[in-house]
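Novice: Sequence:
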Amino acid sequence: MELRRRVPRGEELKPVAEGAARPPNARTGARGDAFPFGFGDRSGPSAPPRGPWRPSVSMAPGLLLAGLLALTQAWSVNAIHENLLWFSQLTEVEREISFRTECGLYYSYYKQMLRAPSISEGLSELIHDNSTESKRTINLLQRMNIYQEVVLAVLYRLLPVQSYLEPVYFYIYTVFSLQAVYVMALYLTAWLLSGSWMAGALTGVWYILNRIDTTRVEFTISLRENWSLPFFALQVATITCYLRPQLSALQQKVMVWLMYVTTLCFCLTWQFNQFILLVQALIIYTLDCTDFLSTKQVTTLYLVQVSGLLSVWLLQFCNSMILGSLVLSFIVATLFVRHWQSNLKTGRFLVRAGKLLLHTAAVLLLTVAINCLAKRALQLKSDEHIFKFIKSKIGLGVTRDFDAGLYLCEEAFGVLPLDTLDRLAGTLLLYPYVVTLLLLAGAFTVTAMQNLSPPKAAEDEKRRAAAAAFRPDVAYNLLHTAFFGALAFSTMRMKYLWTGHMCAVAAFGVCGTEIWTLMFNTLRCNSRFLLRLVTCAVPLVMMGCLYHKFWPKLMEELYELREFYDPDTVELMTWISTKTPRRAVFAGSMQLLAGIKLCTGRVLTNHPHYEDKDLRERTRQVYQVYARRPPEDVHEILRAAGADYVVLENSICYERRHKRGCRLRDLLDLANGHIMDGPGENEPDLAPSPHPRFCEAVKTDSTAYSALFTRTFENKTFHVYKLKKKRKKSPGAKTSEPTGAP
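Residue numbers for the sequence shown, in this note's numbering: 1 to 742.
It is worth saying that the hints were derived from the structure and are not from the lab.
Beta carbons: idealized from backbone N, C-alpha and C, even for Gly.
Wrong hints could be hidden among the right ones.
[What the hints assert, rightly or not] Pairs of lysine-lysine residues, derived as DSBU-like cross-links and limited to a Cα-Cα distance of at most 30 Å, are as follows: (1) K659 x K393; (2) K381 x K391; (3) K613 x K724; (4) K659 x K391; (5) K613 x K725; (6) K579 x K393; (7) K722 x K135; (8) K345 x K296; (9) K135 x K391.
[Unchecked claim] Pair ranges (Cβ atoms, derived): (10) H128 x G395: 54 to 62 Å; (11) R660 x V534: 48 to 56 Å; (12) E166 x M555: 27 to 35 Å; (13) S248 x E560: 49 to 57 Å; (14) V534 x L68: 22 to 30 Å; (15) E166 x Y654: 34 to 42 Å; (16) S248 x L540: 32 to 40 Å; (17) Y559 x S248: 17 to 25 Å; (18) T712 x E655: 22 to 30 Å; (19) V154 x A486: 37 to 45 Å; (20) E166 x A707: 46 to 54 Å; (21) Y654 x K724: 23 to 31 Å.
Whole structure, please, built from the sequences with the hints as guidance.
Specialist: In structure tokens:
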């Protein structure tokens, strides 16, 4: 596919008084009663009296601006999507081809639900699907996270929108609207942390300007992360609100239910939810060990995670991958070990530190034991490719594993490129973020050490009371950005979990009073007037600079006109739809087959949803068409998978995008024990293959190949071969093993 240029068409925080006492189990400074959850609250003993209407009036502009920024993000990604593809002028097949890789697979189920005679029949087809994997009937609602497609299809069929809104626009507008939800969630998080809606505004501006690093929704619409990350951001916002002081019992219950709902939606829409929740559970565990959260808060947060996961387990027809997840094992281990260590938070600093080390070791060992037992009992191997990837990435796994190689060789799963930091610095985001992170990390470390140290005298108690101003909601967001930042640096694709929240943390540092108070106290020039002036003037100046620098570039990007152009793929899909039987089975690359499923409805041998051990093995076997294997082996492999046709791609057979050792044909050669193509060193135990590369040799139409494969379609990009029935060999003839390496 190619994009061608086209012709344009006709809270502020009050400083804690030294020596002030703190209430038991509270790790925050008092801020007075919040309205309704403490947005922008500046009440206290010295605050002037105000009427009950004042908080509503002060919130109104903040909420209005939040809505405007959210709509701006949704509109801008929609405009960029339209301008990049000229989507409104594309034919149906071109629109469907634009859903690349696994996006096409997910969208095909939305299309399938709409074409079903009724909603119940559509659900039945998904539960008993026999076209996604040939010779197998699978439950798609159990295997894949496609409830969002089901819900959208049902809504489209029931709502009176069919006469003026095409199904594809109903789908993409929903995804783009979730971007508005994402911006709103980040806005509220920054507002809750700082007490100033100006922080939310700066967060929204940063998110929009750093679009390249905060989202990729405009060209990967159907990816699961584009559905789930807005709900994850909402969950973080509700956790931030839940951890604020002075919440009433009713407000806490409301927050707990909101946390559950957002956690459920997040987990239901992304298959990698368990790994994200594991990081979040580690954050909660750290806050618990350093005494920033009460026992009730920790238990509540853990139970919300468990409830969300178990709800998804039920909705996904008892998906065993959830019960065997590390996060469930970790939470069970944590709660069990803590129950038997009631005196964990007693003693002097060194004693407590030693206890925490032993406690952590016990939790980790029990987690591994529970997880291993659960996977053995459930015979679970669905997620082993993830652990292969992690082990290989840190140098502990075998480097020739095909599944691990597929991940390690993709740029998205490599380390974070340094040019990402250059772009973030260019929008004035990186510098306040780093300063905020360092100052908060220092304050967090000091406060944590003081929390672990018993008071010795009145002086020490005063010092501890002053340090208690480090609020638990701030502590949570600090660890959140630190943990997910480390994850982003190790794996580039995970940066979208970090960069959005990074905007909220940086805006909190610029607009909140905590960081400025620390700096002014160090310079001995702190005053209420100066603090108020700086927290208002600095964000305004920054937004003015961002407007002056980036507004022209943003407008230029929004109105840059290109168009979708992929005639070879259009020709292939048209030929398949018109010249092959409806139930014909196609083999090929995972990415292409997802498009074939969407555009033609044909049966597939394999597909991009990789969370199944048998499917991964079948994919490796089907990919032998790009390895050095004899035609008899390839034919038998494809026949075993039920294939009638195989599609070969020149872009894979003669790949140059990846370096040597990362091309698909190289991964197959290594897995088969063969030396790789081209100049370069090979490991000594690799041997040359006696057979030519199948994808090249089959094009010669020699007798050995033409007896088994008939070319039925070709263009500059694709070659389609129909499998012939294999003739029976004479008695005594040798047979080759189709799955073993030669």
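Novice: Now tell me if each hint is right for this structure.
Specialist: Going through the hints against the structure:
1. The hinted pair formed by K659 and K393 meets the criterion: a straight-line CA distance of about 17 Å does not exceed 30 Å.
2. Of the supplied pair hints, the one linking K381 and K391 holds, its CA atoms being roughly 16 Å apart against a limit of 30 Å.
3. At most 30 Å may separate the alpha-carbon atoms for a hinted pair to count; K613 and K724 meet this at roughly 29 Å.
4. Distance check on the hinted pair: K659 and K391 sit about 22 Å apart at the alpha-carbon level, within 30 Å; holds.
5. Straight-line distance between C-alpha atoms of K613 and K725 comes to about 29 Å, which keeps the hinted pair within the 30 Å bound.
6. For the hint pairing K579 with K393, the CA-to-CA distance comes to about 45 Å; that exceeds 30 Å, so the pair is violated.
7. The hinted pair formed by K722 and K135 meets the criterion: a straight-line CA distance of about 18 Å does not exceed 30 Å.
8. The straight-line distance between the Cα atoms of K345 and K296 is roughly 15 Å, inside the 30 Å bound, and the hint therefore holds.
9. For a cut-off of 30 Å, the pair hint linking K135 to K391 is broken: about 33 Å separates their Cα positions.
10. The given range of 54 to 62 Å is broken by H128 and G395, whose C-beta atoms sit roughly 44 Å from each other.
11. About 55 Å separates the C-beta atoms of R660 and V534, a value consistent with the hinted range of 48 to 56 Å.
12. Judged by the Cβ atoms, the range 27 to 35 Å given for E166 and M555 holds: they are separated by roughly 28 Å.
13. Our hint of 49 to 57 Å for S248 and E560 holds, since their Cβ atoms are close to 51 Å apart.
14. At roughly 25 Å, the beta-carbon separation of V534 and L68 lies within the given 22 to 30 Å, and the hint holds.
15. Between E166 and Y654 the CB atoms are about 38 Å apart, so this pair conforms to the stated range of 34 to 42 Å.
16. Between S248 and L540 the beta carbons are some 34 Å apart, a value that agrees with the proposed interval 32 to 40 Å.
17. Taken as a hint, the range 17 to 25 Å is violated for the pair Y559 and S248, whose Cβ atoms sit roughly 50 Å apart.
18. For T712 and E655, the hinted distance range of 22 to 30 Å is satisfied, since their beta carbons lie about 24 Å from each other.
19. In this structure the hint that V154 and A486 lie 37 to 45 Å apart at CB holds, the actual value being about 40 Å.
20. Taking the beta carbon of each, E166 and A707 are about 47 Å apart, inside 46 to 54 Å as hinted.
21. Between Y654 and K724 the CB atoms are about 26 Å apart, so this pair conforms to the stated range of 23 to 31 Å.
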